[in-house]
Amino acid sequence: MDVAKAFTYITEDQNWLIKVGIATAVMLASTFLLFIPLPLLIGYQLGVTRRVMAGAENPLPEWDDLGTLFMDGLSVLVARLVYAMPFILLLCVGIGVSLLPALGGNNEDAVNALAGVTAVTWVILSCFFFILALALLFITPAINIQYVRTNSLAACLRFGEVFGIARRHLGDILIVMLV
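Position 34 (the sequence shown) corresponds to 33 in numbering that gives the first Met the number 0; numbering is contiguous.
If you're looking for bench data, these hints aren't it; they were derived computationally from the structure.
Take these hints with a grain of salt, some might be off.
What the hints assert, rightly or not - Each pair of labels, with its calculated beta carbon distance range:
id: 1; residue 1: Asn106; residue 2: Ala132; range: 32 to 38 Å
id: 2; residue 1: Glu56; residue 2: Ile21; range: 18 to 24 Å
id: 3; residue 1: Ala114; residue 2: Leu177; range: 36 to 42 Å
id: 4; residue 1: Thr30; residue 2: Asn105; range: 38 to 44 Å
id: 5; residue 1: Leu27; residue 2: Gly115; range: 40 to 46 Å
id: 6; residue 1: Leu32; residue 2: Val92; range: 28 to 34 Å
Being a predicted model, the structure only gives us computed values, none of them experimental.
Backbone N, C-alpha and C fix where the C-beta goes; we use that ideal spot for every residue, glycine too.
Model the full assembly from the supplied sequences, consistent with the hints where possible.
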């Protein structure tokens, strides 16, 4: 892996300012439009991955096929949400536990006891959140690779294959995350 290339490939494209500017505008629009443009960004990320895997001289794709970018990004977003389900379920448990103090009603001792249970539960859940978030950091690039190889959401949901990709490319993924 050419680590220096990871820092310079963007500026090697003649139109990099325009392409990065569009990506930035889409990212900012995502915050105002309830993340609806997010699949475009993920689709663009997949386009970069495709071009890198193909050895393209300029890995930044054009922003000319928004429909494909959106649909590819939407497929991978769905796959990422499936892999994030344990995280989401734990979050729902945490939110449910946060409602416990309300069961104490006017009894201050009960409210305090239930608030303590809530705090301890959140500390424990936070440990699991950290572990799951770390796992998702390693799984997400593997999901992207699987989709780029197959163009199939179903292939992204073959957990054994995706985990295998993550295992085989653990070092590369770690370098990318650190860079």
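The hints, checked one at a time:
| no. | hint | in the structure |
| --- | --- | --- |
| 1 | Asn106 x Ala132: 32 to 38 Å | 37 Å, holds |
| 2 | Glu56 x Ile21: 18 to 24 Å | 20 Å, holds |
| 3 | Ala114 x Leu177: 36 to 42 Å | 39 Å, holds |
| 4 | Thr30 x Asn105: 38 to 44 Å | 41 Å, holds |
| 5 | Leu27 x Gly115: 40 to 46 Å | 41 Å, holds |
| 6 | Leu32 x Val92: 28 to 34 Å | 30 Å, holds |
Every hint from the earlier list agrees with this structure, and none is contradicted.
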